[in-house]
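Protein sequences, first through last, are from chains H, P, L and S. Going letter by letter, the first sequence gives residues 1284 to 1613 in the working numbering. Going letter by letter, the second sequence gives residues 173 to 686 in the working numbering. Going letter by letter, the third sequence gives residues 32 to 375 in the working numbering. Going letter by letter, the fourth sequence gives residues 32 to 375 in the working numbering.
Hints are supplied without guarantee of correctness; some may be wrong.
[As the list claims (entries may be wrong)] Beta-carbon label-pair distances, calculated as ranges:
hint: 1; chain 1: S; residue 1: 223; chain 2: L; residue 2: 183; range: 19 to 29 Å
hint: 2; chain 1: L; residue 1: 56; chain 2: H; residue 2: 1361; range: 33 to 43 Å
hint: 3; chain 1: P; residue 1: 289; chain 2: S; residue 2: 223; range: 15 to 25 Å
hint: 4; chain 1: L; residue 1: 307; chain 2: S; residue 2: 209; range: 38 to 48 Å
hint: 5; chain 1: H; residue 1: 1543; chain 2: S; residue 2: 132; range: 22 to 32 Å
[Claimed, not checked] Some chain L residues judged to face chain P by a derived CB distance under 10 Å, without partners named:
hint: 6; residue: 67
hint: 7; residue: 70
hint: 8; residue: 248
hint: 9; residue: 250
hint: 10; residue: 310
Everything labelled a hint here was simulated from the structure, so no lab data went into it. Ideal placement from N, C-alpha and C gives every residue a C-beta, glycine not left out.
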Amino acid sequence: EDITIGFVAHAQGDPFVQQIQDGAQAAATDLGAKLVVAQQAGGAPEGQLKLVQNFANSGAQGIATSVPGESMAKGLNEIIGGGVPIVQFNLLSIAVNAPYVGEKSVESGRILGRMVVDKLGGASAKGTVILGNCFPGFPVLENRAKGVEESLKKAPGLKVLGPFDVKVSAVDNYNRWEQLYGANPEAVALIGLCAPDVTSLGKLNAANGDKFVAGGYDLTELNLKAVKEGHAYVTIGQSAFVQGYLPVALLVNAIKGGKKLSAGFYNAGSQIVTADKVDMGNGLPSVSFDEAQKLAADPAATAAYYKAWTKTLTADMLSATPKPISAESE
Amino acid sequence: MSGPPMISVRNLAKRYGGVVALQDMSLSVERGTIHAVVGENGAGKSTLMKVLAGVVRPDSGAIELDGHAVTIDNPNAARQHGIGMVYQELSLFPERSVLANLFVNREPVRNGLISKREMEARSRYLLRQLGLHVDVHAPVSRLSIGERQLVELARVLLEHPRLLILDEPNSALNQRETERLFTVLKGLRANGITMLYVSHRLEEVFAISDRVTITRNGRDVLTKDRSELTIPQVIEGMIGQQREALFPPPLPSTVGATRPQMTVKGLAGGRLADVSFTARSGEIVGLAGLEGSGVADLLDMLFGMRKARGGEVHFPDGSGLPKSATEAARRNVCLVPADRRRNGLMLDKSILFNISNVVVGARDWGTPWYSPKTALGRANRQIDALRIKGLPHALANSLSGGNQQKVVIGKWLEIGPQVFLLDDPTRGVDIGAKREIYALIREMSANGGIVLFSSTELPELIGLCDRILVIYQGRLAGQLSGTEMNSQTVLHLTNTGEMPGANRNKQARQGDMA
Amino acid sequence: MSKTDLIPPLAGSAVHPARRGFRIPEEIGVIIALVGMMAIIGFARPRFLNPINLFSLLGNTTFLGMLAIGMVFLLAIREIDLSVGWMFNFSAVFAALLMVAGIDPWLAAFAGVLFGAGLGLINGLIAVTLRLPAIIVTLGTYSMFQGLSLVVNKGRAIVPADQSSSFFSVISDKLFGIVPVAALVFIALALAMHVVLHRTRFGYRVQAVGSNPEAAAHAGIPTAWVRLQTLVLMGAICGLSGVMYVGFRGAIDPNEGSDFVLVVIAAVIIGGTPLSGGHGTIIGAVIGMMIIQVISSGLIFFGIDATWSTFVTGAVTVLAVSLDRLIKFQRTRRIERSKENFHA
Amino acid sequence: MSKTDLIPPLAGSAVHPARRGFRIPEEIGVIIALVGMMAIIGFARPRFLNPINLFSLLGNTTFLGMLAIGMVFLLAIREIDLSVGWMFNFSAVFAALLMVAGIDPWLAAFAGVLFGAGLGLINGLIAVTLRLPAIIVTLGTYSMFQGLSLVVNKGRAIVPADQSSSFFSVISDKLFGIVPVAALVFIALALAMHVVLHRTRFGYRVQAVGSNPEAAAHAGIPTAWVRLQTLVLMGAICGLSGVMYVGFRGAIDPNEGSDFVLVVIAAVIIGGTPLSGGHGTIIGAVIGMMIIQVISSGLIFFGIDATWSTFVTGAVTVLAVSLDRLIKFQRTRRIERSKENFHA
Ligand SMILES: Nc1ncnc2c1ncn2[C@@H]1O[C@H](COP(=O)(O)OP(=O)(O)OP(=O)(O)O)[C@@H](O)[C@H]1O
Ligand SMILES: Nc1ncnc2c1ncn2[C@@H]1O[C@H](COP(=O)(O)OP(=O)(O)OP(=O)(O)O)[C@@H](O)[C@H]1O
Ligand SMILES: [Mg+2]
Ligand SMILES: [Mg+2]
């Protein structure tokens, strides 16, 4: 039968969100559903809720959406109450009665912080670390910041500055980092929490003789390039493909089986990429750095690579009760 | 005269929607003459001139230049034919420098860049001739309206046109400036330049023109050599009625024995220093002074638009100077500003809207509602009273110049002011309407109003006022009344600050001090 | 030609009196654009015309639509307020915090509206005392309000825990199960503000100042006071929209409002209010906001993917304003012609 | 005093003839604001005044600053272009795609500039033929350009694989190790455009049309053509900025440019170009953009973190424009007084 799934993301023309969408599209293709994608620029909750409502009114049988704000919860719950299943991905509200697929945000921050501390020499590390948040107020980002700071505390000699607002736009983002480094040239590590940071930091590091440790998020082409060239140390992935694939799989499974989806947490898994080691998470086979770069740019190759993982998604597993939502921020 | 006329138009017609601006207008102008076109407000004079300048396209009719049929369908075509026009409503670029205005679209270029030096050089002589001593690099918006009019004129003269169209070029100029202008125009005529000249100042028309065409209701009704005409004949041709006295006699006062008055003592501010005078109700007090002498500052201060530095003023209501224009309006003080397009009208709004400006806009008592129906009533009342040619819903921008002026006056009459500050209220107004406005002013004063009347036209100051205060370089140079109020004395006083015949030593000292 | 024609009509005088009665509204162009778009979508996707969908579309215009109403006053007075999104946000945050602190939601909402007016007052006082255009002032207060809101909300959504008050149920209620109460408030506000703009002293003054500030000052209109009032009104409307949002959505997020200003100005401009001042149409702004919503909804009903949807949004916007423009051309020409025929 | 002075000037008493020589530039207010801010930061944090830091600040203004230069022309002609960010983006994407396809980067960059001009031409043609204000047209083309760019970049950054061309090294180079080449191009463009605006026919026409469109038409200026040219110029500048960005960052992100327009307009307005047309200052716009960068840099040097930084940004902006305003008041008052004193 015909199943139409609406897929609503909180950013427009964002390479990372594009990777999630590619995952969703792969799932739709695998499972024989039709996927329609809508994007709300700038993570505006009100606008995004309207898109979800439009999908519901237009007759989509299921909707996957990121939830960039608590004010979407009431409206989403009404739609769920009206019989249209919803799955949240990437950004969540715990007030929504729907499952969530995403990373463990605080935990991923901890991982990033730990990687940087280790690189700086472990508990005895000394110096200034600068933290940048591209979008103060986004809960997931605040959680990451929390995780990073937790790990940095393990080395009492480290002085943490920030988090500073480093802006999303790549032009601004680079400017802010350059200004931050100009103000604190003694900094030993610069850590960003968003997709543009690793690229900007890599560029900055290259221009200043690679003096600091740069770390951040997301496996975009440019970020991987910066890591590979040695200008950035680590970038943390959050399994974009899984964040797109799993919600669609959950929805299709629920619609076909006529079952309700219950709230809960599906861990998409973290990925850790340094120049030496590529951990793709989810127990996937290890890949070389070149392969990782190729995957970032090529949705078809990514889908093929993840076949090993998608095979594990049995109907039983998709119908099983997820972990409690609180697991997300443990 | 031999040969075809320089320019002739036949059976021109132009309608704006339901409004007839031109209907069967014909005219021919001989080479090397100054040809005056007169007619009441809205007769179609400006429309005719705009057709010749390529700004307005006629619905029908023919234009011949040197005996050859031409179409002038854009301003550049007119320019190529050697036609230059000074517009009635200033068409300058307020933010731009005087030079940029003078050479707009014809800027001299050196090595790909505009040469200011050359612009300065090319305009210097003309500006001196016109008596325009301004900083040519300053934006035009800083100039007074008279100066702006001269800039507009200079701009056209710099094009060296064969046919020069002047649509009320001196409505904001005082007598001396006008004389300068006429000297220039006569010089041009001697050089074979043809001129079309539109004005409501008939004495001046008679002083400068060779031939006169009278227009009415969009047609030409009569064309004759000036020498074959008299002013009364022209007036009759224009408005089709017997001539009444231009300056109606004073009306019997309707107010009782207590005559409210306004006293000004030692007022200073702006360019003014230590000005004292009294103005009583029932009296029309004239204000004379050159541009920049401080007359405008005085009116502004009395209207609350400018702060005074010192002095004491008592208005008839017992209070002092208004602190703002709003307070002035609420205390029944009205100002009819000199620059009606900038300060008097909302051009993109209807007559109806404009007439409600003060009643609805300035006051804050009465109903907080705005009723278009009431506003319509007001508009109709003023349209009837002032014989404004236009529908209540017509935009102010579509009115002829004189009718625009009447709208500005009309909006104040709606509140029945007690103090009237009139800054050149008859600028661009036809002779019939002028008479109506004079009658109105008489009525205002007879009804107990205090009238301060400033004008660039000497005859109307002398004809209408009971007294004339002359301001020279910021101080009150003298008060004239009775027989002293003749044009020679007023002129002398406004231009030198001294009474005629005062001894020369004093004058010299004055010169040293300046 | 008949004989009477020999006597020319009084030049410049009206040839025909104003026919009172039905006058085609100036908003006709955008109305046609809106209805046309809805007809096309409805024809292809009948579900679109389902009343539930239509009312939910109306509901979707509510919060931004209210801001657009206020913005009409600003454009009419030849000003632009860039801070609307953050006045909305800050007022909502303020009201929500009061609710969290246990204050009765109705009271808190009222305080929120006043708070919005207060923010508008700040804009107004700076603009009036320094004689700066509001766009410059609000360029700064944009960040100030955003920043202060961020300081008090600490970067997290404010969710009043106890939503049992009638405030929440009334505002998010739907009459007859489909008509959102919030949308009714919006419509009521639009009508009221339409009357304010066209039938009150204040509205008259706004248009007068916007049309020619210098002439307004010379007519004794208290221009500074009117500007101040307009900016306060804008703030109060932002406050109202903000507190209603809290009631409707049950929460306010820290970045809600960040992207409002362009959409609001777009709606007002699409609706036909010019930037040059002196004139404004509330009805046009409401329709402009609906056009924006219908476009975004239509994309989803047609299943147009995100890849193309942005382009289509732009193209349809251009088409809508072109249509409006062409209809206006047509009208002026028709009026001209009908007047000319009158003489024939 | 000579005898001729006895005859007072006929007119011209209002503004005295020019004393040529040094005239205080109109940008003095913003210059003082900028220098003042830099002095304060530099005093508290001497490292701020390190030439490396100052030059990197200058470099930071490059890409948006170029757009601000173009926007000055638009404001001067009484228009606003909202689509600048996406013209920037689309041109950059176009050029980057050509580079990916193996075309020589210099050639591709040149094509990108032409492409930007072409986008501007689209804006211009719509605006001129429909006689619509550019702000309305670009409200639509904003989304159209964004959408088309998304279609061709498929939501991914475009990264020219081979960056060995001198194009990349030259543009991201720093002369003497500190002066960014991109910033030099920016400064050169600013100077050139300053000359174009104030010393060429085109610049004079732009300002004339913006000052009084009707009078400009009367003076025979082809106003539609000038508008078209201005919009094309804006597009070309966006294209230039875009391709330089590709050279600088080595890639173009799909959504880069989304938030440019407000910052660009802010810089131009802070710099002193009014919205009302007829006048513009390129130097002011450049300084306006620097003020914006210095504020953000100052926050960082003072270690103000994200919570407060937004508020402080806004407050400092308000202070900067107020200062500019007060200095202008002061100047006018001084000029007035000197005029009034002639009789004293
Ligand atoms: N653009 C326009 N739209 C509508 N009506 C117009 C327009 N221009 C002129 N008119 C009307 O045409 C008639 C003739 O106007 P015109 O300006 O030619 O008069 P005028 O003789 O120059 O009057 P004045 O002496 O007052 O300047 C007037 O009734 C005027 O209202
Ligand atoms: N004497 C003056 N009084 C007042 N303002 C002036 C004066 N001279 C120049 N200005 C103003 O200062 C600014 C710069 O003047 P300037 O003559 O240098 O302009 P410009 O560079 O030649 O530009 P353009 O000729 O294109 O206007 C302009 O805004 C101008 O209006
Ligand atoms: Mg006229
Ligand atoms: Mg100049």
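We went through each hint and held it up to the structure:
1. S:223 x L:183: 19 to 29 Å: violated (47 Å)
2. L:56 x H:1361: 33 to 43 Å: holds (36 Å)
3. P:289 x S:223: 15 to 25 Å: holds (21 Å)
4. L:307 x S:209: 38 to 48 Å: holds (47 Å)
5. H:1543 x S:132: 22 to 32 Å: Violated, at about 50 Å.
6. 67: Check failed: Cβ of residue 67 of chain L comes no nearer than 29 Å to chain P, outside 10 Å.
7. 70: violated (34 Å)
8. 248: It holds, given that the least Cβ distance between residue 248 of chain L and chain P is near 6 Å, below 10 Å.
9. 250: holds (4 Å)
10. 310: With a minimum Cβ separation of about 7 Å from chain P (threshold 10 Å), the hint on residue 310 of chain L holds.
Checked against the numbered hints above, the structure violates hints 1, 5, 6 and 7; every other hint is satisfied.
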